[in-house]
Amino acid sequence: MLRAAACLVACLALPAAAETSAVPARVVSINLCTDQLAMMLAGPDQLISVSELASDPLASSMPEEAAGYVQNRGGAEQVFLLKPDLVLAGTYTARASVDLLRRLGVRVEQVEPVTSLAGVSIQIRQVAAAMGREAEGEALVAEFEAALAALASDLPPGEPPDQALVPAALYYPNGYTTGKGTLSDDVLAHTGFSNIGASAGVTGGGILPMELLVMAEPALVVTSKPYPGASRSEEILSHPALTQLKGRVGVVAFSDADWICGTPHILRAVAAMRAARLSAGGVATAQPEGAGE
Amino acid sequence: MKYLLPLLAVLVALLFCASLLIGPAAMGLGESLRALFTGEGGPVVLVMQEIRLPRALLGLLVGAALGLSGAAMQGYLRNPLAEPGLIGVSASAALGAVLTLQTGLAAAFSLALPLAALAGAGLASLLILALAGPRGGALALILAGIAISALAGAATSLVLNLSPNPFAAAEIVYWMMGSLADRSFTHVWLAAPFILAGMAALMTLGRGLDAMTLGEDAAESLGIRPARLRFVLICGTAAAVGASVAVAGAIGFVGLVVPHVLRPLVGARPSRLLPASALGGAAVLLAADIATRLIAPDRDLKLGVLTALVGAPFFLHLIWKMRRVEA
Amino acid sequence: MSLLSLENITVRRGTLSVVDGVSLTVSAGEFVGLIGPNGAGKTSLMRAALGLLPHEGRSNLAQMSAARRARAVAFLPQGREIAWPVSVADLVALGRAPWGNADPADPAVRRALARLDLEGFASRAATSLSGGEQARALIARALAQETPLLIADEPGAGLDPEAQIRMMTIFAGLAQDGRAVLASVHDLGLAARHCTRLILLERGRLVADGPPREVLSEARLAGVFHIRAHLFENEDGLIFQPLGVIR
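Residue numbers (the numbering used here), protein chains in the order written: chain A, 1 to 293; chain B, 1 to 327; chain C, 1 to 247.
To be clear, the hints were calculated from the coordinates, so they are not data collected in a lab.
Each residue gets a CB set at the ideal place from its N, CA and C atoms; glycine is no exception.
Check before you lean on any hint, since a few could be wrong.
[Stated by the list, open to error] Covered by chain A, according to a simulated footprint, are these stretches of chain B (three or more residues, beta-carbon under 8 Å):
#, region
1, 44-52
2, 96-104
3, 184-193
4, 296-308
Work the whole structure out from these sequences, hints included.
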């Protein structure tokens, strides 16, 4: 009890010190996306803990790296006891925890969800600045932008110009899709696909009735890998209508962990979609050169 | 009413067609029907044959199962409040279904899903009959129902919360409220044999339930064997309701409202109420499912929400009436 | 011909014997009144005889198959339950179920309705009738079964004097027609006047069986019922008039 009280006093004293020092010594991330950016940007021993999700291979692009850090569940109590100088959080995650941490005097940097490929660079710079790792941030941005530019070239032009865009659908459990104003939509746009969800009028996330999906005759269905354990939400992905559709279009891509966050790992998603576009475009001569990283 | 059954049958047929023709994808009537029957017409065929047809068939089967089992249970317990949803039979079936899904048993052996739901529904029926059997009053029935529903609901919630699948945890609403959205022929083949067998068993009970109007002793003296009646009732209800819940979740109030509305039209005779309630239940569920698609096509509105909005006031009305009689 | 024959029937509830070694027979042409104070075991004896209650001993009815028994005996239970608002005709027609079809147009249904003066009520919902009318409808249901034997548990309870006398007359008429009736009766005056034979139960045992005149002796009325009564015969038959309680 006494020790806890002492810790409380010590911890409450911390923020004053943290504000004066530009480089936070103890960084805790409680959001899957900031987890990954922080792991890429952090100096030795600067990052103390990442969220539990960072070790989930279905959600995170860096599960092995995450294993080297303390895992947190994002609760204010647990995070506070890690004595962070800086907490990285998303704007929509764990609101109550963030509010409580701020009231306890902890510096919290919140990042918006990335909604476009251009937004990735902005986010890298924001997290780098908060962590006092600006130079590392600029290097990562430069690397990312070069790779993205390389992937955008050499896509086959559609034979009639209006067919340059091949219809693709993002289709997830519960018939969820992502439409306009999302990172996934921008990935499709960048690789020569049109997004059926966006055409159906969905902005952000929303439901795409399976009937509309079938009627739109997508050339490509991007879907997710099922989690262990059953759920009715995911049963939709094995619906016979969808299975037949997939059989007919012949091309299916899985959106995995790389699609979730606006980090440089999104390049792997762009590369996969580019490869799919090249085969869906039916241009036999076009080689997916540079499709890798 | 002499023409009640034909009228109900026509209503069900119309609603079944409406269910086939109404959906988010706007397709011409002729085009839809051609696709449905000839299998020609590209994606329209897929929509008609693989999405709308199984949904309409399940609406028909599940509605009929719920209406019929409600009428049969009310006849046996001689209590208009008996309803698979209210007395915990549906909730227990959902628990059985969720258990097989989450343990992976359903993936290994597909019949495990309806069988487990059937077992859940059967156990709950047994428990209800033991706790609030023919001599128990409305109070015993409702109290036992609340207890069983709460227990099964909590256990279902627990199983879903412990699931490694993040989607599963959010699905308690589906299991408690029911939905036919995006069901496929896989589900029809899984549930239909059990539902049809259960309904066939329940339909044989007419004579026995009529005799039960006079009480158990008088019924037995009329040549009815109550033990056999009870056995068929439990098996039939378990098969029909269990299989329905396994593929569509627990949809409440259909088995309460439908027999209640139709009872005066059949002269209150339980035997005549059975087929009428099966048809009425199918009509109500098809209508409710069409309504979910018309009211909020992009929200996956739960069927049980609609049936409860209509059914709960009925339920309160019934309690009010019984309260006055018993007071 | 004996339509009911019980040998040494015993019904136990826990360690207590509510019916204790009762043997009796009822033959065609008899209207037997089963009498005894509350708790004497009248209901249990009748339910055991019908095979509705686990018992020791032998009952010819309990040994029959359910379907055969339903054609051999009609039973009118004490609780007058009518669960649903079915029409009186439909209710009475339930008595035809053992014979295949519960059709309200069956002549047996018409006869039963007429016998209890219920023709005017045929299409009314049974639950909307008064208590006495419901009791009559249920008696008509049992009569429609047209079995050789009728067992009735307190069929007269709650009926007005006219309905009670009509009912006893109907039962006596059935006996005269060559059928048989076994009914538990609390009104000893009615029992004395209409029954051809009385069976007296006391604490599960059969203590007397014979013509009313013999069974209703002064000693038994005092010993079993704890009452004094005036019993005499005039041109109307046997008259029983209770006078007071013996302390």
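So, going through the hints one by one against the coordinates:
1. Only when three residues or more bring their CB closer than 8 Å to a CB of chain A does the claim for the region 44-52 of chain B stand; here the count is 6, and the claim holds.
2. Interface restraint, the region 96-104 of chain B with chain A: holds (3 residues with C-beta to C-beta distance below 8 Å; minimum three).
3. Against chain A, the region 184-193 of chain B contributes 3 residues with a C-beta closer than 8 Å to a partner C-beta. That satisfies the three-residue criterion, and the hint holds.
4. Given as covered by chain A, the region 296-308 of chain B passes the check, having 4 residues with a CB less than 8 Å from a CB of that chain where 3 are the minimum.
Hint check: no violations occur; every hint is consistent with the structure.
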